[in-house]
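> Build the full structure now, drawing on both the sequences and the hints.
The listed protein sequences correspond, in order, to chains A and B.
Positions in the first sequence are counted from 1; adding 911 to them yields our numbering.
Positions in the second sequence are counted from 1; adding 911 to them yields our numbering.
If you are wondering where the hints come from, they were derived from the structure by calculation, not from laboratory data.
Just so you know, even glycine gets a beta-carbon here, dropped at the ideal spot from N, CA and C.
Some hints could be false.
To give an idea of the interface, some chain B residues facing chain A are shown, with a C-beta separation under 8 Å as derived from the structure [claimed, not checked]:
#: 1; residue: GLU989
#: 2; residue: SER1015
#: 3; residue: GLY1175
#: 4; residue: LEU1182
#: 5; residue: LEU1183
#: 6; residue: ILE1209
#: 7; residue: GLY1210
#: 8; residue: GLU1213
#: 9; residue: GLU1214
#: 10; residue: ASN1215
2 protein chains.
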Amino acid sequence: MDFNINRLVLLDALTKVSRAVSLKSPLPILTGIKFDLLEDGLVLTASDSDISIQTTINEGIIINQTGSVVLSSKYILEIIRKIDGDTVHIQVVDGTLTRITSESSLFDLNGSKSFDFPRIDLNKNGKHFSMKSYDFKKIIEKTLFATSEQETRPVLTGVNFKVDQHQLVCIATDSYRLAQVSMPIEDDIQFNIVIPKKSLNQIIHIIEKDEMIDLYVSDRKVLFVIGQYLVLTRLIDGTYPNTSRLVEDQGSYTMSINSSALLGAISRASLLSDEQSNIVKLTMSPDENILSSYSQEIGSVEENLTKAFYKGEPMTISFSAKYLADAIRSIGTETIQLRFTEKMRPFQITGLDVNDNIQVVLPVRTY
Amino acid sequence: MDFNINRLVLLDALTKVSRAVSLKSPLPILTGIKFDLLEDGLVLTASDSDISIQTTINEGIIINQTGSVVLSSKYILEIIRKIDGDTVHIQVVDGTLTRITSESSLFDLNGSKSFDFPRIDLNKNGKHFSMKSYDFKKIIEKTLFATSEQETRPVLTGVNFKVDQHQLVCIATDSYRLAQVSMPIEDDIQFNIVIPKKSLNQIIHIIEKDEMIDLYVSDRKVLFVIGQYLVLTRLIDGTYPNTSRLVEDQGSYTMSINSSALLGAISRASLLSDEQSNIVKLTMSPDENILSSYSQEIGSVEENLTKAFYKGEPMTISFSAKYLADAIRSIGTETIQLRFTEKMRPFQITGLDVNDNIQVVLPVRTY
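See below:
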């Protein structure tokens, strides 16, 4: 293996591919990136048990001799980041010992045999559909935060993607709050899968420009084709809970309020609350709306929501300040609407008169 | 106690005074800031066992009723940071319960009696001298990093300030490297003290503009007067080691080199070295100068220092890459000079033909 390559082109590819590397992998070879230098380009591959990323570089490269090697992700990335010069020369000099030179620097890095790297099936099989990369990114950003941190119900640690009747519905819930985003799609297909949170987090970092991406959905995995990148992720086994009751229940009492005014009030009202539970109380009536919290040890705070319009019977409801703030940020509109049924029932947060992003927060009992 | 105050004026003062607060103080009252509202201004005081900071606000304040209270540093700072509005109203409403209001927010914060706050003697006693605040800041920034992290020799955890014959000499060493900065001063006094690293770190954050500051040096403490701020710090007991041998020893072999070229080479050469010891090897001769490191497991790196000029016998010396990088950054000149005597002797780093900042690094034995 012997090639010269534009340093920044290689750095960008290594940075993205290395997202699939688990530095704590039980299989040492998986802490590396596989370099396959073919006659028409350099193929870089990294993988852990959940996600695999592969890209091909065929511009900015001069191929002197084909070959392959696996190099430590950590060291090759740091070397290419810190080495001087526009062009880097990379060459296997002895077995798997790989020499990286540029300007006045010479690195000899111990590699591993590419033969020992697991084979990964990146074939384009399964149900195919396409969508805009920025739409995909937006969906993830508006749902991912609501996935569960607990491994007790694995299915809740991912985002549920359901496609039926030209409609994509994405749901995340940790069973204390829920985020649901819907979007029409062109392709006429059906599936119902759960993609791990970690994989989605890596994928949105590979998306850099607005382009069409292709998805190939199989029973146990999905392949994403994003420009020059192939990303394969496993799916989470198990049936995602039916959450339709939570989003259908409209609630008859409504409050509309400026999002940033409410975010400011939440941030102040939660200052004195217990950092763990972060519970605040909302007291509503057509005359006055107060967001408050109380701690016997520290003190109390009352925020008068002068910019809120409430329609309904007077009521008081307690909930996690963080969950409401997450929901408001996910919606991202200037004004938001909250819909309540009663004190101990979940309430919904949406934009004004729109339902493509529905957030649900469960109240907590206070005494 | 009852006053209205400009929010940003109070926030700035609280931010600076709270630097003396230890959130883990064994004395709970010391996690607070003392508010003393006198007829001519608001005095804010905070203290831990090492450092005390006090300031007086007499602009941007309307005093309605004098009084005093101690408020939790953490909460009052967060409240004043997050509350809306230009002006804040602060009032003791019941015993030590303190009400903070602004726009639509109302906070009731439990306080403590100011009587329980320890008395701190901030009188201007001791040997007095003045210097420019930016000179003081520069000295600290150029020495502080070389103090010891180990508590085994407490005197090395501070910076030694020696004044004699109109000359201030500041020294820090962890016994593996040393930083010494000298500066002429006008006042005709003598002292030899060691100021704790932590206090110096707080003091440079209080300095915001170039002005004269006053120092009052006593046996066990120093008082700094920085604009509206009084800062009192304890000194570290014990005799600081005599390090003059290290800085007098000039060395007969010299290398001069562009600082940023050497910093770049150090950063790359240390990439493959053990992160803990971070040892690199410098091989010098009039023909070629190589900075290298080797790890049996990972690989090796050689940096050719093409911009170095070496005068002396061929020699090889090994040392901590981090210590040399720290020294070069402390000197901060475009070109630096290294002076060597022999393989196992300390070497000096200075600017070209200047001695107001002398850095010393001890080599390590390698095999």
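> Does each hint fit the structure? Answer for all of them.
Now the hints, each set against the structure:
The closest approach between the C-beta of B/GLU989 and any C-beta of chain A is roughly 5 Å, which is under the 8 Å cut-off, so the hint is satisfied. For B/SER1015, the suggested interface contact is upheld, since its CB lies about 4 Å from the closest CB of chain A, less than 8 Å. Against a cut-off of 8 Å between C-beta atoms, the interface hint on B/GLY1175 holds, since the closest Cβ of chain A lies about 7 Å away. Nearest Cβ of chain A to the Cβ of B/LEU1182: about 5 Å, under the 8 Å cut. The hint holds.
Given the 8 Å rule on beta carbons, the hint for B/LEU1183 holds: about 6 Å separates it from the nearest Cβ of chain A. Proximity of B/ILE1209 to chain A holds as hinted, the smallest CB-CB distance being about 6 Å (cut-off 8 Å). For B/GLY1210, the shortest C-beta to C-beta distance to chain A is roughly 4 Å, which falls under 8 Å, so the interface hint holds. Residue-level restraint check for B/GLU1213 holds (minimum Cβ-Cβ distance to chain A is 5 Å; threshold 8 Å).
Proximity of B/GLU1214 to chain A holds as hinted, the smallest CB-CB distance being about 6 Å (cut-off 8 Å). Given hint, B/ASN1215 at the interface with chain A, holds; its Cβ is 4 Å from that chain's nearest Cβ, closer than 8 Å.
In the structure shown, no violation is registered for any of the earlier numbered hints.
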